[in-house]
Each structure stands twice: as structure tokens, then as C-alpha cells.
Amino acid sequence: MTQSDQNKVSMRRAPDILFPLVLAALLLGAWEGAIHYWQVPHYVLPAPSAIAHALCANFGSLMESLGSTLAVTLQAFAASTILGVATAIAFTQSRLIERTLYPYAVILQVTPVVAIAPLILIWVGFERINLALVIVATIVAFFPILAGATLGLKSADFNLLDLARLHGASRLQILWRIRLPTALPYLLSGMKTAGGLALIGAVVAEFVAGSGTATGLAWRIVESGNRLEIATLFAALALLAFTGVMIFAALSLLEWTLLRRWHESALGEAT
Amino acid sequence: MTLLSLSAVAKRFSNGTQALRDLSFTVAPGEFVSLLGPSGCGKSTALRLAANLLAPDSGAITFPTGKPEIGFVFQEPTLMPWADALANARLPLDLQNAPRGQATDRAASALARVGLAGFERALPRELSGGMRMRVSLARALVARPKLLLLDEPFAALDEITRAQLGDDLLRLWREDGLTILFVTHSVSESAFLSQRVLVMTPRPGTITADIALDTDLARTRDGRLSPATIEAQRAISAALNGAGALV
Ligand SMILES: Nc1ncnc2c1ncn2[C@@H]1O[C@H](COP(=O)(O)OP(=O)(O)OP(=O)(O)O)[C@@H](O)[C@H]1O
Ligand SMILES: [Mg+2]
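Sequence lines, in order, name chains B and W.
Using my numbering, read the first sequence as starting at 1 and increasing by one per residue.
Using my numbering, read the second sequence as starting at 1001 and increasing by one per residue.
Derived by calculation from the structure, the hints in this document are not laboratory data.
From a predicted model like this one, the values you see are computed outputs, not experimental measurements.
A hint or two may mislead.
[Unchecked claim] Think about it this way: if two alpha-carbon atoms lie no more than 25 Å apart in a straight line, the pair counts; the simulated DMTMM-like pairs of lysine to aspartate or glutamate are:
1. W:1067 to W:1057
2. B:154 to B:264
3. B:154 to W:1094
4. W:1146 to W:1069
5. B:154 to W:1069
6. W:1146 to W:1231
7. W:1067 to W:1022
8. W:1146 to W:1176
9. W:1067 to W:1175
10. W:1146 to B:162
11. W:1067 to B:162
12. B:192 to B:264
Isolated chain W, as found in the complex (with noise of 0.2 Å):
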């Protein structure tokens, strides 16, 4: 079975950067996946081509089991700075015109699954980068996605959030059924999260290693130091290395 397929794709942009090449990948429904390669070889790219916020140049894009609702996470926060956590949240329910007060309770859930209940009422400006971040996880939460497209969304957190937030993603994944596509430059991160790892060259960017990791071993209780990880790491390591990613 496969929820999302890209075939053949590619991508110039108009001013000429040719940023993704043949590039081709499935992702099976209920499959957490890593996008990894070094800056700048078109993961973001491939994301919002996913997303159909891009059209590719050719190839194709499909969703062979119909098309799912999507839940898009970006690098940065991305909230809107004049609304509070629950409105922030709300925001794709409002987009749909659901019903006002059956939004607001699910807006008021979706916080409280990441965390964050009772700071509905906070703005962004009052919260931490670790919790902005928990605010735009809910809000790609609130319209119930059958797909996840998260773009660096740790990146720009400490160690520590990111590790907490690593794990509140993984439990989400599990109760929700989730299919992930999770975009990182992280070869430590990807190794825990993750069931499979795409790994990708520098642009013009195509896959060039497909690694499939052996996830019960990974997460048990000391999962980012167990000796799967590291072995998975290292795996990783070599297929980047061998893309000429690491020179």
C-alpha cells in the first residue's frame, strides 16, 4: 500500500536553480519516514511539492489511496504574533468554516495533547520557542491529518526541547496512526525517529539511500543511546558520505 508517491520529479525554479532532480520515493500509510540531506538539496522543496503548495516541472505526484488531509509543520513557529495559542491553533478549522464552538474545543484538545493546556488564552510572544513550536504541532494536529509534513521543525530548538518534542511526536504518531514524512539535517535525530531514512544528495537533489531501521530495537527507555541508534547512525553517516554530502 502506498499513501504518497513521487515519481520522476523535478524542479527548477524560475531563476534558473535546479533544485530537485528524478527525485522518487513512496511512503507507506502509517510509515514514519526521514528526509535527510545536507542544506539547500531541495528537502524543503519536496515537502511543498507534497504538499501541492509547488507544482513539479515533470514527474508526478499521487496519492494512489486518495488524496489525505495534510498537517504541515514549518522550521519556524509561524504563528500569527496578533492571536492567542487557541486561535493559532484553530486556524485551519476557521479556514474550513467549522463550527465556531465545536472548533474551539478541538483547538482547546489539540493544545492539551502537546502539552499546552492552559495556555490557551497565551500569545505567542509569551511563550518559549519550545512551546511556540508545541502551538504550530497542535495546529497541524486540529484538522485530524492523515499525513504529516514536517519541515526542520526541532532545528532551531535546544537539545533538550527538541528531545522532548522528539518523543511527544512519536507518542502523537502512535495514537493518531499518523504517516510522517519528517524533514531533518539530523543524522542523531532521524536514526531515533524514524522507520526508514531517505537520504538525499546535494542539489539538484535525488534520493540516493533508502535505509530501513529496525524501530522496536531503537525506542526502548535509553533509545537515542542504544546500540541500534548508533549502529543506524552510522549507517546513515556512510550513505551521506557516500553522497558527498560530508566533504
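Same shape as in the complex, but just chain B (with noise of 0.2 Å):
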């Protein structure tokens, strides 16, 4: 790509950013003015302003608690790229395996996450609380990625596959060289998905072990609903949104990276 093209791709990209902006510029700015011109209670609904002033004032402890359930969900997320990406291809090495581990999966993916979280919590026991919170972030992740893993295993071209067992490939190399790049672009979508479901499981796991033990940011929105705070409790929701679209950004960056000189999918947002 040339400079000039990548300049056209920018001025292109550019309303993606900038409506959005000035949307929310407006919002703020009508959220700002209703506030103080209907007088509304700050713990009913804070200003803008006001949450802007709770999160420089209470920054160093969000920071920590985003830190620490931002920990929560990289771990949970490495952890359930990591199983999902195995079970997979366990899966699409043995029929018996799949057949016998589906169902597991799937129940595993049916069951509301909330349901079992106080189980393995007692279980794993709250003297290893983080333990205990990646586990439970980690099965909210893993569906995704196996499914995307499966998936894009099985998507391999059948001549191709045929092609290399002519050649005497083993399935090691069958597997290296052409099941695993074919999954690629399968895997990072899943990897998307699962990327903000790690957050959201750390989030759940964080409020069914309740305060005291957690010191993540679902617990600072407990503790500042608790003491009525609300101001604290928005800025503690806007850093988990950010966090949000700040994980999503960066595995679109990866995606881009590693697919955009030959899949479609990268393609299409290239030219």
C-alpha cells in the first residue's frame, strides 16, 4: 500500500471515529445541562462532570482495581485461547473424543455462569480468590474459541489434505501446515468474542464473591452503590467500558495484523 492509499484509507476511516465523538460530545453535553437544570440529586444521577471528579479523586484505587480484574480477564483469556485451541484439535484428531466431549461442552456453555460461580468458589476456596475468579471468567471464554477453533480445523481444503497424505504428511505436519493456518481466521473471530466475555465472566465472579474478598472494579461498584457514591460508580463503569473496547480493539489489531495479506476478511477492510 502507498502512502497516498493509506492516507485515503485514514480520511475513509476518519467518520467512524468522529461521529461517535460527536455524538457522545452531545450526550454529555444535554446529560450535563438536564442535570443541573432539573436540579437532580447526585445520587439519583451524577453529572459528567461529577463522575470526571470521581474518577480523578478516587484514580489511584480504580487503577488498582482495574488492574486487578483486568488480570482476572488476560489470565482467564490466555487460559481459555489455550483449551479452547486443544480441545479443538483434540476434537478434530478423534471423532471418539468429540462425540464424548460435546455434550460436556455445550453444557458447560448452557449453564448461566452465575448459577455455578458460588460452587467454585467454595470449592477452589476463597483463600485462592483469584484462582477461583479466572476459573469462572474462563469458562465464559472457552465456548467461542473452541467453536471457532473446531470450526476453522475442520474448514481445511479436502485436496489439499489429500495432497499432502500423497506426500506422506504426518499428522503432526497436516496439522502445523495446513489445519492450523486454515483456522486462523476462525480462531481470532472467536478470539473476539472471547475477549469481552472474559471480562464480563471476571465482572460476574467478582460480584458472587462479594465484597471484602474481591478488590476488582465490579466490587468498587458494590461498595460505591452501598454508600450511595454514584459518582464513583459510573467512573468505575466507564473504566470497564473502556477496558471493554480497548480488549476488542487490540485482537482486531491482531486480527488485522497476521490476516490482512491474504484473507478476505482483512482484505475487505484494506481497500
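Quick one: dock chain against chain with the hints and give me the complex.
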């Protein structure tokens, strides 16, 4: 891509960023105005300026909470990616394994995680609360990885697989040279979903664990609510949303970097 | 001498489709043989049986002079979209764990032989349909096969590209002393390219005619339009007609 092409792309992309920002400014301005006009009490709905103030006033502790939630999220994301890919590989290597394990993967997926989180917390123990949180969030994020990777590994071109067999390829060679590269776009798409789910799972797990043990953003939300510090609650909420967006953006960037040279999905974005 | 021999081969797929029945033919070393028949008569199945990618229900597929190295070309280029032309052409050697430098050299020279020197770094999506097919041909040649199996390799290409690739295939066949089994449903292509045309019946497929062609006459400068080629086309069409393919 030449420099001028790149400029053209960013010119065309500009509205994607600019328009939502303009809308945000308008909404925030209207919000701020409405709060002052109708004299809404701050413990019902704080003004954006009050939220910003709360964010600055509690910046250190909020960042600590964010760090804690983010750590759980990233560990769960990594664990679900590794487990999901490993399980998908096992599925494609053996129909028996797939038939045996698949129902359990589905059960894990359809059972509401809020319902099993208390059990996991008890089993793992409150003295290892972090591990318990990671396990809960991993369960939430696991399925889209498994589904994406399984579909991808099975999408390999039959003729290409025949060709590999003709030249005496081992299963490992076929996996490494053909199945895994074929699966990459599907896996990355699953990872984009899983990134957001890992964050949701971490927050749900913190809620279930309750105050006193967990120190993440969910706990700050509960605590601020109890103290009627609604501005701080909103600040924590905004941080959570921001984190979710950043995770999605990072994974989209990873996807684009890995696929832009050859895969249709990424090519479409560049042209 | 016989390189490849199929005798009384039958194949029924698990869904009950009887693709082939009593299929017998031989291919001599160095021969260029076309396998011609209507769509769905089992040509691809026969080729996959010859490559040992499928097992027959009955009958035998043998290589009396020992199992040769086989190159296979599909109807579609069947390339790895994430890999450049060089890596695609190198795949058979990579799978055989050949030393990397040597494999790269051989893949590059295979690409050069099919007219793709300078396109080593190009990804499949950056190549035209004809060039992709050439990469596929280079990949089939890179392991220095004795037997080349081609399954309607030029069917998806335009007339001009198809003629060029046909000429190139003839050149490679001569230079390497290859044995070629060429599946096609084009009467004119088989008449121009091959020394022998095996005509198949509709499914379940079996050989209905084995037509030997005088290739020296056909491959003159205006070979595709030479009287000998036209005459060969007439004979092949008649055999197809007799087989009930052109009704
Ligand atoms: N894996 C399979 N399972 C079931 N039926 C199959 C399978 N492969 C091929 N067939 C059937 O066997 C018959 C022969 O198929 P084959 O692909 O060998 O035909 P072909 O002569 O190559 O046709 P074409 O010229 O259209 O490529 C067809 O009726 C096809 O539907
Ligand atoms: Mg076919």
C-alpha cells in the first residue's frame, strides 16, 4: 500500500471515529445541562463533570481495581484460548473424543455462569479467590474459542489434505502446515468474542465473590452503590466499558496484522 | 512394460453411489494418456484410486515396476492462500522434511520451469487463474515425480491460457520423460495432447474405447487444427457417442 492509499483509507475511516465522538459530546453536554436544569440529586444521577471528578479523586484506587479485574480477564482469556485450541485439536484428531466431550462443552456453555460461580468459589476456596475468579471467567470465555477453532480446523481444503497425504505427511505436519493456518481466521473471530466474555466473566465472578475478598472494579461498583457514591460507581462503569473496547480493539488489530496479507475478511477492510 | 495397471476395479461410495465398475486399463512408462468421459462418470475417482487416496472395493491397482513418485494436480489450483508461490511449490518437499535450502532451490527452479520466475514471493490472491494453476503444476513437479496425475487441470481456464498451459505440459512431459494420466472432458484437448485416449461410459464408469493417436502428426506447428487432430477428435466423439455420453 502506498502512502497516499493509506491516507485515503484513514480519510474514509475518519467518520468512523469522528461521528461517534461528536454524538458522545452532544449526549454528555445534554446530560450535564439536564442535571443542572432539573437539579437532579447526585445520588440519583451524577453529572458527567461529577463523574470525571470522582474518577480523578479516586484515580489511584480505581486503577488498582482495574488492574485486578484486568489481570483476571487476561489470565482467563489466555487460559480459555489455550484450552479451547487444545480441545479443538483433540476433537479433530479423534471423532471418539469429540463425540464424548462435546455434550459437556455445550452443558458448560448453556449453564448460567452465575449459577455455578458460588460452587467454584467454595471448591477452590476463598483463600485462593483469584484462581476461582480466573476459572469462572475462563468458563465464560471458553466456548467461542472452542467453536471457532473447531470450525476452522475442520475447514481445511479436502484436496489440500489429500495432497499432503499423497506426500506422506504425518498428522502433526497436516495440523501444523494446513489445519492451523486454515483455522486462524476462525480462531481470531472466536477470540474477539472471547475477549469481551472474559471481562464479563471476571466481573460476574467478582460480584458473586462479594465484597471484602475481591478488589476488582465490580467490587468497587457494589461498594460505591452501598455508599450512595453514584459518581464513583459511574466512573468504575466507564472504566469497565473502556477496558472492553480496548480489548476488542487490540484483538481486531491482532487479527488485521495476521490476516491482512491473505484473508478476505482483512482485505475487505483495507480496500 | 507397464507403470500403472488397474484391473477390474470397482468402487461404491458409502452413500450407495456406484462410481466405477470393472475398470481396467494400463499405462506404460513415458506415455501420455487421457481419460475422457461425461461428467460424473468416475474419472476423479479413478485418479484418486491410482494415487492411493481411495481404496477400491474390488480389483487391484498395481505398479509392476515399483511404486513411482506421484505428482497430483487438481481441477482447482488448491493452493495455501497464506503462503507465497515459493512456499506453495515447496510443500511436497517440506512434508518429506527435505533440507530447507535445497527445497527452496528446487521449488524456485520448478516455478521457473512453469514460467513463474520472479513470482516466488507472490501470494495466490495476487496471481491470475492461469498463474495459480502454474504454481499448482510446479508443486506437482517439485518432488520429481515419474507419474503425473492431472484432474481436469485446465477446465476452469480461458481458451488461450488453456492452450498455453497445454503446450507447457507437453514440453515438461518431453523434458522429464514423465508418464501422464490426464483427466479431461474436452475432446479437442485430449486429441491434441495425448498418445492414447481412454473413453469412459456414464456412471458407473468403465472403459468403452482405447484410442491410439499418431502424435507426431498432431504436434506440428498448427497441431490443434491439423487434419490428424481433427480426425482424432472425430474418432473420440464417435466413441463417446457410442458410449451413450452425447445423447
Ligand atoms: N466422496 C463421495 N461420496 C459419495 N459419492 C461420491 C463421492 N465422490 C464422488 N461421488 C460420486 O461418484 C460419481 C463419480 O464421481 P467423480 O467425481 O469421480 O466423477 P467425475 O467423472 O470426476 O465427474 P466430473 O467430470 O464432473 O468431475 C459421481 O456420481 C459422484 O457424485
Ligand atoms: Mg472430476
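Hint by hint, work out which the structure violates, then give me just those numbers in ascending order. 5 and 6
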